[in-house]
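*Asks:* Order-wise, the sequence lines are chains L and P.
Letter by letter, the first sequence follows residues 5 to 179 of the working numbering.
Letter by letter, the second sequence follows residues 679 to 858 of the working numbering.
These are computed hints drawn from the structure, not numbers from a lab.
Don't be surprised by glycine CBs; every beta carbon is placed ideally from N, CA and C.
Careful, some of the hints might be misleading.
[As the list claims (entries may be wrong)] Pair by pair, the computed Cβ-Cβ distance ranges are:
#	chain 1	residue 1	chain 2	residue 2	range
1	L	Leu22	P	Thr813	24 to 30 Å
2	P	Gly825	L	Gly78	39 to 45 Å
3	L	Arg102	P	Thr816	29 to 35 Å
4	L	Ala99	P	Gly692	35 to 41 Å
5	P	Ala770	L	Phe100	18 to 24 Å
6	L	Ala147	P	Ala851	40 to 46 Å
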Amino acid sequence: MTDSPLAQLALDFGLLSLIAVGGGIAVLPEMQRMVVDNHGWMTAATFADLFALAQAAPGPNVLVVSLIGWQVAGLAGAAVATVAMTVPTSVLTYAFARVWERSRDAHWRKAIQRGLAPVTVGLMLAAAYLITRAADETAAAYALTAFTAAVVIATKLHPLWLIALGAVLGLLGIV
Amino acid sequence: MDAPPPPTLRELFGGFFGVGVSGFGGVLPWARRMLVEERRWLGPDEFTDVLSLCQFLPGPNIVNVAVTVGSRFHGVRGALAAVVGLMAAPFAIVVALGALYTTYGHVPAVEATIRGVSATAAGLLVAMALKMARTGLTRWSAVIVAGAAFGGIALARFPLLAVLGVVAPLSVAAIWRSVR
Numbered sequence: 005m006t007d008s009p010l011a012q013l014a015l016d017f018g019l020l021s022l023i024a025v026g027g028g029i030a031v032l033p034e035m036q037r038m039v040v041d042n043h044g045w046m047t048a049a050t051f052a053d054l055f056a057l058a059q060a061a062p063g064p065n066v067l068v069v070s071l072i073g074w075q076v077a078g079l080a081g082a083a084v085a086t087v088a089m090t091v092p093t094s095v096l097t098y099a100f101a102r103v104w105e106r107s108r109d110a111h112w113r114k115a116i117q118r119g120l121a122p123v124t125v126g127l128m129l130a131a132a133y134l135i136t137r138a139a140d141e142t143a144a145a146y147a148l149t150a151f152t153a154a155v156v157i158a159t160k161l162h163p164l165w166l167i168a169l170g171a172v173l174g175l176l177g178i179v
Numbered sequence: 679m680d681a682p683p684p685p686t687l688r689e690l691f692g693g694f695f696g697v698g699v700s701g702f703g704g705v706l707p708w709a710r711r712m713l714v715e716e717r718r719w720l721g722p723d724e725f726t727d728v729l730s731l732c733q734f735l736p737g738p739n740i741v742n743v744a745v746t747v748g749s750r751f752h753g754v755r756g757a758l759a760a761v762v763g764l765m766a767a768p769f770a771i772v773v774a775l776g777a778l779y780t781t782y783g784h785v786p787a788v789e790a791t792i793r794g795v796s797a798t799a800a801g802l803l804v805a806m807a808l809k810m811a812r813t814g815l816t817r818w819s820a821v822i823v824a825g826a827a828f829g830g831i832a833l834a835r836f837p838l839l840a841v842l843g844v845v846a847p848l849s850v851a852a853i854w855r856s857v858r
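Using the sequences and the hints, build the whole thing.
*Replies:* Below is the structure:
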């Protein structure tokens, strides 16, 4: 714990990036625990709002960390959170790329890859569960979440249409 | 078909810039389209190999892809050009959204709209997780591992590091002998 929110953001997201197995979204629950439970920087509902904004915007989903940083400490917070979430792991990737290419057929590589895959699936399911719980307050909202998931799984409809539908239903006060 | 000449720093920046602004709800498919089909900087197998590395290593997958591709052609400078190209525009956009949220987020009509978008965004995430479960959980051991990770994080709310520290080594150990 430090007194400066910027230092805390840098420390938290820097460490988080190094254990973010499965990418940025898989660690959403850990982000929620950090910013909502540990530091009390925002409510779970605000956290879900920020995730929604990041989803509605173009670009990598991990930019939800920029929005969290913004909410905590403005533009500097956004920049610090984004750099902390991307730089440590970029350095690791840079250093590791050649080893990875050389060991294409190595036993350890295949075992680790196949062993980590179901862990990632579990983390994604957890993220989906917790975000749904934080985002949805009414039965209608749960219905919209379920409908969206079903449409995405069953059709090739562009997600922007669904986001637009959600905005309209929200504006009309239906969810 | 001859391989195209290696990209310049400017082209790396431009290619990933296009990926950043076009990807809604996940940018990896757009990255593949740009790298393999449009600009042909990577063959399909090379892309799969790069992606497997980036999914194996921690951190945002697409950022790792930009680092790997950029550094393959131009070292550190290439990695920087690709990552900055990827992130610059989306970062500006989300910060603008954040500023609007701070100012207007408590206007009732805006609040209601975001509530609707939140429910939809959650649905997009549910769909992605279920699709991954459908293709990834084909063995009983995988179902158990995913269930343990889910239970530890979502239900028990254990810290991520604790859950990973237990579940990941067990999962790799369980698969170790069946991998050829």
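*Asks:* Each hint: holds or not?
*Replies:* Here is what the structure says about each hint:
1. Distance hint check: the CB atoms of L/Leu22 and P/Thr813 are about 27 Å apart, consistent with the given range 24 to 30 Å.
2. The hinted range of 39 to 45 Å is satisfied by P/Gly825 and L/Gly78, whose Cβ atoms lie roughly 41 Å apart.
3. Hint check: L/Arg102 to P/Thr816, Cβ distance near 31 Å, so the stated range 29 to 35 Å holds.
4. Judged by the Cβ atoms, the range 35 to 41 Å given for L/Ala99 and P/Gly692 is violated: they are separated by roughly 26 Å.
5. For P/Ala770 paired with L/Phe100, a C-beta distance near 30 Å fails the hint of 18 to 24 Å.
6. At about 42 Å, the CB distance of L/Ala147 to P/Ala851 agrees with the hint of 40 to 46 Å.
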